[in-house]
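Peer 1: Reassemble the complex: the two chains are provided individually, in unrelated frames, and hints are given to aid placement.
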Amino acid sequence: MRSETSARVGGVRRWITWPGRLSYRSRLAWAGFFFVLPALIHLAIFKFYPLVEALLLSFYRYDLISPPVFNGLGNYYALWNNPLFHQSFWVSVKYMFGVSIPEWFLALGLALLLNRAMPGRPVIRLAYFFPIAMSQIVVAMVWKFMYHPYGLVNTILDFLGVGRINWLSTEETALPALIAIGIWRGIPLFGVIYLAGLQAIPKDYHEAAMMDGAGAFQRFIHITIPLLLPTILFVMVISLLSAVKVFLNPLVMTEGGPNGTTRVLPYFIYETGFAYFRMGEAAAASMVLFVFVFGLTLVLLRLLRRGGVQ
Amino acid sequence: MNKKTLMRWGGWTVTVLTVLGLGVMLLPYFWMVSSSLKTGAEVFELPIRWIPGKPQWENYPAALSRGAFGTYFWNSGVVSVAVTAANILFCSLAGYGLAKFRFSMRELSFRFILSTLMLPLEIVLVPTFIVVQQLGMVNTLAGLIVPLAVDAFGIFLMRQFIKDLPDSLIEAARLDGCSEFGIFWRIILPNCKPALGALALLEFRDSWDQFLWPYIVAASDSIKTFPLGLAQMEGIDSAAYHEIMAVAVVGMIPMAILFLFFQRAFVRGIALSGLKE
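Those sequence lines, one after another, are chains Z and W. Last residue of the first sequence: 309 (numbering that gives the first Met the number 0), numbering continuous. Last residue of the second sequence: 276 (numbering that gives the first Met the number 0), numbering continuous.
One chain only, chain W, in its complex shape (with noise of 0.2 angstroms):
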C-alpha cells in the first residue's frame, strides 16, 4: 500500500471512530428521550422502536405528579444558586487576599485550604452531620447550603486567575483613595468575569448534581431536592420506566440550556480545573 491509500484508509478510521463515539457517548440520552413518549407497553418493546409511533406527551404531566416535584426544582434552585453566589464570593475573596497580598501566615492559610480537597464529603460525613445538627441545621434549607458554601477548588481557581492581573490596576486605585474592599469589588471583580462565569458553572452543576449530602440532611418532602425527589419516585414506582424517564428529562433540561448557553465558559472552566499545578 502507498502513502496515499494509507492516508486515506487513517482517515476513514478517524471518521467511523468519531461517530461510533458519539453514538456511544450519546445514545442513552435519545433513549431516555423516546422512552419517555412511549406507553409503558411500549418501552420494551421487540423489535427496537427507536421512535415512538405516538408521542405520548401526557407521561410528563402524568409522572411528575407522582411526587412534589414543584418543590423539589425549587429547592433544587435555591440551594444551587445559593451555593453558587457563597462561593463566587468567598472563593474570589480568599483568591484575591492570598493572590496580591503578603502577610505571614500566607503561605500556611493557601497549604490549609489546599489540603481541605482531600476531604471530601464522603469522608467526613458523620461529623459534618453532628456539626450541622450542633446548628440545628438538619432538614432545613440552611443545612443544605451552608456546609457547602466555600470550595477549596474555587479558592485554588480564582487565586490563579487574579495572580495574572497586573498590579497596577490596584495600585493607581489605592492611589486614588480607594478603599481595599472598594478595590475588591470595584477593579478586582469587574476583571475576574471569564474566571468568575467559569467557577459559577462549575458549582452550580455541583450543587444540581449533589446526592448524599441531601439524602442524609433533608428528611421531609418540602426539604427534598431534584435528584432525591428522582431517586425516591424511582424506588416507588420502579416499573414505570417510562414516566421516570420523564422525569430524568425534565432534570436534565435546566443544564442542558445552561450548557448550550454558556459552553464556552463550561468547556474553558473544566479546562482551568486542569492548570496544572
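Here chain Z stands alone, though its shape is the one from the complex (with noise of 0.2 angstroms):
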C-alpha cells in the first residue's frame, strides 16, 4: 500500500525517488507541498526568523554598527526602568480601546443605517465607503489642517461658541484628537464588514418574527445581535488588532508629543531603534509588544470559541 503516509513514513529512501516513481497519491501530496512552499519559505525568512531575531536580539545591545554584545536582561531591565516606555504602553492601551470601543457601536449603527431601505441607497452607500480607499497620508495630512488653530474644527467649534484649542500641541488633547481620527477612519471599513453579515441574516426570521408581533427593537436583540455574534466578535479582534499598529499619524501629527502624550509603542520601537540606533531595546520592546498582542489575541479568540464560532 503505497499510501501518502508510507511515502513520509518510509524514511530517507523514499524521499530521494523520483516524482515519476511516487505513487499516485503521494505524487499529489507533493504537488500540494509545493504550491505552498513559495510561500511558507518568504513567511519564514520574513516572519518567523525576524521573530526568533528579535527574541535574540533583545539580549544583546547592538547598533547596527559594531558587533553585538551580550546584555543578558539588560534590555529589559532598561524598559522596566524607563518612564517613557511605561507612558507609551499606556499611551497605546489607551489609543487601541479609545479607538475601537466606540468603532464596534458607531460602526454597528452605520451598517444598521445602511441596511434599511432608502432612495438612493446605492449612490449613500458608495458615498458612506468612499473614505475606505483613501491613503492614511493622506488622511493624516487633511486632520493635520482641520486641527490647525485656526482650522476648520476650531472655526465650527468657536462658531458653536466653544473656543479655539491648540488640539495637537496640548497634552490633554493631542491623544483623543488622534483617536478621533481613527474611529472616523474605522467606521466605514467595519461598516462594510457588518453590513455583509447583515446581508447574510435570512430575511425570513424577520417576517416570521413580524407575523408574531415582534417590534422592531425585539427583532434587533432576539435575531440580529444573536446572528450576528461571529461578525461582531470578528470586528471586536480586528479593529484591537489594528488599532494597536498605529504610527503614521503620531509621526507626522504630533512626533509623539506633547510630552510623549501620542508616543504609542511603535513610535517607542521605532525612535529606539532607528533614531537612538538602541536595536536591542527597539527589539525588547518588539518583544514586549508582542506577547501583549499575543495574549490579546488568545483572550479574544477564545471569547470567539464561545461566542460560537469555529
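Treat the hints with care, as some may be off.
Between beta-carbon pairs, the in silico distance windows are [as the list claims (entries may be wrong)]:
no.: 1; chain 1: W; residue 1: Ile252; chain 2: Z; residue 2: Asp203; range: 42 to 50 angstroms
no.: 2; chain 1: W; residue 1: Asn138; chain 2: Z; residue 2: Tyr48; range: 15 to 23 angstroms
no.: 3; chain 1: Z; residue 1: Ser168; chain 2: W; residue 2: Asp236; range: 15 to 23 angstroms
no.: 4; chain 1: W; residue 1: Gly234; chain 2: Z; residue 2: Glu170; range: 18 to 26 angstroms
no.: 5; chain 1: Z; residue 1: Glu171; chain 2: W; residue 2: Gly234; range: 19 to 27 angstroms
It is worth saying that the hints were derived from the structure and are not from the lab. Model, not experiment: these values are computed from the prediction. Cβ coordinates follow ideal geometry from the N, Cα and C atoms, glycine included.
Peer 2: Take a look at the structure:
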C-alpha cells in the first residue's frame, strides 16, 4: 500500500525517489506541498526568522554598526526602569480601546442604517464607503490641517461658542484628537464588514418574527444580535489589532508629543531603534508588544470560540 | 402619539442621521479639495469660504515642483503593482495547495501561515530591517517589495474561496492529462476571478498606503514613495497648507479612480475579510 503516509514514514529512501516512481497519491501530496512552499519560505524568512531574531537581539546591545554585545536581561531591565516606556505602553492601551470600542458601536449603527430601504441607497452607500479607499497619509495631512488652531474644527467650535483649542499641541487633547481620527477612519471599514454580516441573515427570520408581532427593537435583540455575533466578535478582534499598529499619525501629526502623550509603542520602537540606534532595546520592546498582542489575541479567540464560531 | 406619527418621526430621524453622518465622513475631503484651490491667504480666512472665489489651479504645478513627485509616484506605482502581482501569485498558489491537497504538513503549514498574522511589520520592525540589510536590499525598490510579497491574509482568503470550487473541475482536468501546475494556471485561476479581484484591490490599497516600511528602508530621494514624499514636503513647507492639500488631492486620485471603477469588488474584498473563522 503506497499511501501518502508510507511516502512520509518510509524513511530517507522514499525522499529521493523520482516523482515518476511515486504513487499517485504521494505525487499529489508533493504537488500540494510545492504549491504552498514559496509562501512558507517567504513567511519563514520575513516573519518567523525576524521573530526569533528579535528574541535573540533583545538580549544584546547592538547599534547596527559595531558587533552585538551580550547584555543578558539588561535591555528588559532598562525598559522596566524607563518611564517613557511605561508611558508609551499606556498610551497604546488608551489608543487601542479608545478607538476600537466606539468603532464597534458606530460601525454597527452605520451598517444598520445602510441596510434599510431608502431612496438613493446605492449612492449613499458609495459615498459612505468612499473614505475606505483613501490613503493614511492623505488622511493625516487633511486632519493636521483641520486641527490647526485656525483650522476648520476650531472654526466650527468657535462658531458654536466653545472657543479655539490647539488640539495637537495640548497634552490633554492630542491623544483624543488622534483617537477621533482613528474612529472616523475605522467606521466605514467595519461598517462594510457588519453590512455583509447583516445581509447574510435570512429575511424570513425577520418576517416570521414580525408575523408573531415582534417590534423592531425586539427583532434586533433576539434575531440580529445573536446571528451577527460571529461578525461582531470578528470586528472586535480586527479593530483592536489594527489600532495597536498605529504609527503614521503620531509620527507626522504630533511626533509623539506633546510630552510623549501620543508616543504609541510602535513609535517608541521606531524611535529607540532607528533614531537612537539602540536595536537591542527596541527588540526587547517589540517582544513586550508581541506578548501583549499575542495574549490579547488568545483571549479574544477564546471569546470567539465561546461565541459559537469555529 | 399614535404609531403613525412615531413612524414618521423615526423616518425623519434616520434621514437626518444619514445626512449628518455623510457630512462628517466627507467634509474633510471636501475641505481638502476646496483649500487646494485657494490662495495661501484665503486658507484660514473668516468667515469660512467653502468654495474658493477664484480657483487657483496653479497651486498644483507649484506644489508638485516642491519635491520629485514624478519619481515618488512612479516608485509607488512600481512597488504597489509588484507587491500586488506577487501576492496574487503566491497567495493563490498556497491557497490552492491548502484547499485541495492532502499532505502530512498541511494543517501545520496552515497554522504557521495564520500565526504570522500576529506579526505585523510594526512588531518585527528591527529584525526585518536587519534581514533586508543582510540581503543587501536597503535603499532599493526590491527592499520595499520583497518583504511584503506574501500576505498571510491573502492566503487565507484564497483558500476559503478555492475550497468552494468543485473537485470535479480539477479531477476532469487531471484525467485529461493536464499537469498539476497546468490545472492551477488554466482551471483554478480563471475560476477565482472574483476573489483575485478583491485580493488585488486590497493589496494594492495596502501597499499604496504603506508608510512605515519605506520610511525606514528608502533613504535616497530616488527610492521614496508618494507617502514619504508628501510627509517630507509637509515637514519642509508646513505652512503652505494650500499646496500640501493640492499634493494630497493628487495622491488621492489613483485610489479614488480605482474605487469608483471597481467599487463592487472593493467592497466585496473588505466584506470577504470579514468571513468568519
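Peer 1: The hint says 18 to 26 angstroms between W/Gly234 and Z/Glu170; measuring C-beta to C-beta, is that right?
Peer 2: 23 angstroms, holds
Peer 1: Verify the CB-CB distance for W/Asn138 and Z/Tyr48 against the hinted window 15 to 23 angstroms.
Peer 2: The hinted range 15 to 23 angstroms holds for W/Asn138 and Z/Tyr48, with Cβ atoms some 21 angstroms apart.
Peer 1: Holds or violated: 15 to 23 angstroms for the Cβ distance of Z/Ser168 and W/Asp236?
Peer 2: Given about 19 angstroms between the Cβ atoms, the range holds.
Peer 1: Within 19 to 27 angstroms: is that where the Cβ-Cβ distance between Z/Glu171 and W/Gly234 falls?
Peer 2: 26 angstroms, holds
Peer 1: A range of 42 to 50 angstroms was offered for this pair. Does it hold for the Cβ distance of W/Ile252 and Z/Asp203?
Peer 2: 44 angstroms, holds
When each numbered hint is compared with the structure, no violation occurs for any of them.
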